[in-house]
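Single-letter residue listing:
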Amino acid sequence: MEQLGEKAEELLETLWIKTEEAKQDSMALADLPAGEQEPVAHLKEAGYISSSDSRIKLTDRGRAAASNVVRRHRLAERLLADVLGTGEKSMHERACRFEHLIDPGLEESICALLGHPKICPHGKPIPPGRCCQQGQRHGTKLVASLSQLVPGQKGAVAYVYASGSNQLQKLMAMGVLPGAPITLIQRFPSFVFQIRQTQFAVDKEIADTIYVRLTDQEDESAAEPARHRRRFGLGRW
Amino acid sequence: MLETRAVPLKYDEALESALSRIESLLKGSYGVSRRAIGLLLLQGDRQVEKQVSEQDAPSFAGIQGIVAEARARYNQPLSYVIALRQQHEVKRILSATVTAKAKVGAGFAERLSRLMMSPITGVPILIIVLYLCLYQFVGVLGAQVAVKYIEDTIFGEWINPWVTELVTTYVPVTLVQDLFVGEFGIITLGVRYTFALILPIVTTFFIAFSIIEDSGYLPRLAMLIDRVFKFIGLTGRAVIPMVLGFGCDTMATIVTRTQESKREKVITTLLLALAIPCSAQLGVVFAILSGNVMALLIWVLAVFLIFLLVGYLAGKVIPGERSSFYMEVPPLRWPKLSNVMVKTLARLQWYFLEVFPVFIIASILLWAGKLTGAFDYISSGLEPLVRFIGLPPETSTIFLYGFFRRDFGAAGLYDLNEAGILVGVPLVVSAVTLTLFVPCIAQFSVMVKERGVKTAVAIALFIFPFAFLVGFVLNWALTSLGVSL
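Sequences listed follow chains A and B, in order.
Residue numbering for the first sequence follows my numbering, beginning at 1 and increasing consecutively.
Residue numbering for the second sequence follows my numbering, beginning at 1 and increasing consecutively.
So that you can see chain B by itself, here it is in the shape it has in the complex:
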């Protein structure tokens, strides 16, 4: 054990006597001083309690007695009493060693911070941030400019013709040719989707997210939005997984660990699975609806209302205590380029390890499905559902894609729009339905890991019919209102 010459902080008599009695009873080896263990026991640390109950089983009851006795002597919890004493000591040391220079007036960063937190200026700033980061940077630069270039030029002119020629020249069997370069070919579907559609979109999102994260904007957003989130049974703290969800819902579902209570974790997981489109979906939706402001607005409004409605109902239904909101508001800082790059790369690496294999496997499964007829069977099974919400039967394919990955389905939507099959009201309806539609395989598996099978399955079983119901209602509302887009 590390020998230090530190002078222990003295507490008052009652605590000191309890501490020395506990210390004399501790015989196990804990890796830290017995006094530290004693202090943690007095403060009610569950983990240390468990450790002591195992290592010092015979004297544990006696130790518990001493702790209870010490507790009874104070009106406040011992953790508070101990914190007060420590605080006092810190103040004493600081006042003797540290002097703070007064700074006159508020700097630019502090003034900007106030503007971000005041609702009058903060909400417009939020809208500007969303517009610039999500719409312009991810939606236009990522999902339109970059996708177009990689898709049309890199894949369309170079890779696809080259690979197609290569495969058709060297592999004489059409069946195997299709596996690589057919409609659902590994190269023409899996690789192309991954690199031409998803890569530019997620990359731009992760860059934008890292910049926002490092600037310190998120806590300001959290305090701004806390009241709205209280309405859906959450607190402003949930803003971090929610915003990350706009990048990748799978990653965001893991981040729900930072939530305080089980209830909040479940609500956040549900909303992430249902109403938070991931960056690939977002990028594709922006791309296909960008020519039509009305259609884009309907999509935003529909998804946002569903978010509020389901959140509100979930907040009412899911049991558990409501948490109160608290969060540190760190100073605003200029993001460092190197940090942004490192974080973006790390997230991209995680993302591609996750997504690339799934895309390849999905391509193979779709190819096999097509070959065996299973694909047509499921597709035609989905057709009545698709018709029910007023969509052309071809769209059933993209819902099938959606099972494999959210972004996969979104990418299919992009193709159908390009082909001119999906336009107008059905395009908006399918965009909304697909946004709400089942969480992708990766997200579902993380939901099972984080929330347990029962909750994950219950969420998926709720979302599936609900998404189609919303699609139906939206289609009905838009057509009976005579909306033409």
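Chain A on its own, in the form it takes in the complex:
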């Protein structure tokens, strides 16, 4: 895909949200935010958008490109919110600048790192990329919430994403802090996990807040042969 300018990408993003998410048929040129009208001619020429009666809409080619811009924006938000701990206020603005720096290779790495997230921090869907389908098939996530693991999967706590101080207190009381080794034991009816020498049972709400950096099974046993355990055989408790 050819590299579009930042302004062109902003326009595609705006148009995509209007037509794909708000389900409008097309968008009036006059409705475009100031500064985004500039690249219209260029995008039309390159075949990304079509226009009639001073209204514009995405072509097939434009739709693919636009969904990718939206995807990068929302992944950037996810990264800023989950990993870098950016507050709600500055998140959108930073993500706007960040999205243009993400090239396709980086996009897939970020997506995998975040466990192929499905929604942005505001709850809007993140258009899936190729890596999402592949990632789901092979189950090769780097970071995933505890609620996404399968029993027996292990890793270390990457970060916690608690909604309030109350929940954070609970996580701290359980010793769920970055770096702690963690193994999921059971998913239903509650999530049971082992952290260090202790087992805890939590509901999905709490399991959703614990993000685990997965360690490859072989890798871990190779690196720490003394701590190799059978899949369901947690010896120490």
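Possibly wrong hints are sitting among the right ones.
[Said to hold, decoys possible] Facing chain A, from chain B, some residues (calculated, C-beta under 10 Å):
no. : residue
1   : L84
2   : G122
3   : D226
4   : V228
[Said to hold, decoys possible] Pair by pair, the computed Cβ-Cβ distance ranges are:
no. : chain 1 : residue 1 : chain 2 : residue 2 : range
5   : B       : P319      : A       : I119      : 27 to 35 Å
6   : B       : F462      : A       : A22       : 42 to 50 Å
7   : A       : R130      : B       : T97       : 43 to 51 Å
8   : B       : V145      : A       : K118      : 53 to 61 Å
9   : B       : R35       : A       : A64       : 54 to 62 Å
10  : A       : R130      : B       : L313      : 47 to 55 Å
11  : A       : G5        : B       : P119      : 50 to 58 Å
12  : A       : G105      : B       : R71       : 34 to 42 Å
13  : B       : G482      : A       : I119      : 53 to 61 Å
14  : A       : A22       : B       : P58       : 54 to 62 Å
15  : A       : R130      : B       : A96       : 44 to 52 Å
[Stated by the list, open to error] Subject to a maximum C-alpha distance of 27 Å in a straight line, what follows is the list of computed BS3-like cross-link-like pairs (lysine-lysine):
no. : chain 1 : residue 1 : chain 2 : residue 2
16  : B       : K262      : A       : K204
17  : A       : K89       : A       : K118
18  : A       : K118      : B       : K230
19  : A       : K18       : A       : K118
20  : B       : K454      : B       : K262
21  : A       : K124      : A       : K204
22  : A       : K204      : B       : K454
23  : A       : K23       : A       : K44
24  : A       : K57       : A       : K118
25  : B       : K50       : B       : K10
26  : A       : K23       : A       : K7
27  : A       : K204      : B       : K230
What the hints contain is simulated information worked out from the structure, not anything from laboratory work.
C-beta: ideal position from N, C-alpha, C; glycine also.
For this one, chain A is given, so just place chain B on it according to the hints.
Same frame as chain A, but now just chain B:
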């Protein structure tokens, strides 16, 4: 103050500078180091904040400013930042001093634990535990075998005849004779109920509960049942007061303190008062319905449905945020006999200090009531209600007993069944109604203490008509379906 040679854990610069500035402002005496107070202030400890605002009132505003400034420098709450640093230090010390030997495979306890937590095997295990502990141990051994022996042999053959003879020989006045050995006599009613009916039942329950508690089964039960409890606005954590409620609802109401939010405390208190039968009720109900599996099933189902229905509605109506569930799952262990005995004795002691005086007072009040006619007056006042749910008028007495203590009423039910007055559908209806019926005096007073007068009265005012309404509906449903038991 204790002098230690401990080296304080160093935090990063911003925290250290905030700490040293706070320390220099603290002048009061707190019993712990100023640094500890400073750390607690940074972590937002309410109690320490209050203490400092009293002891260091002049500089409190300045201290708050320093705390706020430190907070603004971090994206996460300071308690989290501090915990991370402490965690880091713990890891460093542990890695230098502790080595863990790897254990191959899972032991028996761990395999059993997995079976208890998996829904496929866990639910059957739960049913087996309930059947063995509640039904066989408490219901059969406690409420039938032991009760029969103490009631018939110890009281029936030895104590009652002996005391009756003693009293009738030495006390010539019938009125006073009745106080001790009459229908509502202190010995023949109060003491007999306490020792012949209640003692064996609660003792077996408390033994069973202590064994379950010490084995580590309760947290596994909590995780298994969390989803069901979410439906009634609670979390799996509520399982502990609920299970204890099957022993004594009064004790369980005190244990609701371990619940997280006020909302959960209120819902648990309500359900304990309404739909959790205490061990004495349970024992008596098992005893009188045990000959009839269908009747027992109807009772279990009716009370369980009411539990779910009222819990669900309460969860919808009572305001407040829903809590999320978390609980440590300790390893399974063999209970130690000595621990089980000590705990059982302590609980029994608490229980009898609570129950015995009430039984004696109840006997006296009933005797006085009978004498003055007040008892007949109230009893006949209850009669229309009792008739309304299709019960013979004699049952109004046991509802009156129920006011004094839940188990007292249940014990009365036992007597009426023995006498052949209550059988079939009316027996089930009265068992259900009495199970739901008002919390006993002891439980009510604890409800007032724990939840406040308003909530306690509101709960009691809801339960009273509701129990009779359920009795009415059940009676209507069973008779119109032509169920014969």
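Structure-based check of each hint:
no., hint, verdict
1, L84, "holds, 6 Å"
2, G122, "holds, 8 Å"
3, D226, "holds, 5 Å"
4, V228, "holds, 9 Å"
5, B:P319 / A:I119: 27 to 35 Å, "holds, 29 Å"
6, B:F462 / A:A22: 42 to 50 Å, "holds, 48 Å"
7, A:R130 / B:T97: 43 to 51 Å, "holds, 49 Å"
8, B:V145 / A:K118: 53 to 61 Å, "holds, 60 Å"
9, B:R35 / A:A64: 54 to 62 Å, "holds, 60 Å"
10, A:R130 / B:L313: 47 to 55 Å, "holds, 49 Å"
11, A:G5 / B:P119: 50 to 58 Å, "holds, 56 Å"
12, A:G105 / B:R71: 34 to 42 Å, "holds, 39 Å"
13, B:G482 / A:I119: 53 to 61 Å, "holds, 56 Å"
14, A:A22 / B:P58: 54 to 62 Å, "holds, 58 Å"
15, A:R130 / B:A96: 44 to 52 Å, "holds, 46 Å"
16, B:K262 / A:K204, "holds, 22 Å"
17, A:K89 / A:K118, "holds, 22 Å"
18, A:K118 / B:K230, "holds, 26 Å"
19, A:K18 / A:K118, "holds, 20 Å"
20, B:K454 / B:K262, "holds, 14 Å"
21, A:K124 / A:K204, "holds, 21 Å"
22, A:K204 / B:K454, "violated, 35 Å"
23, A:K23 / A:K44, "holds, 21 Å"
24, A:K57 / A:K118, "holds, 26 Å"
25, B:K50 / B:K10, "holds, 26 Å"
26, A:K23 / A:K7, "holds, 23 Å"
27, A:K204 / B:K230, "holds, 12 Å"
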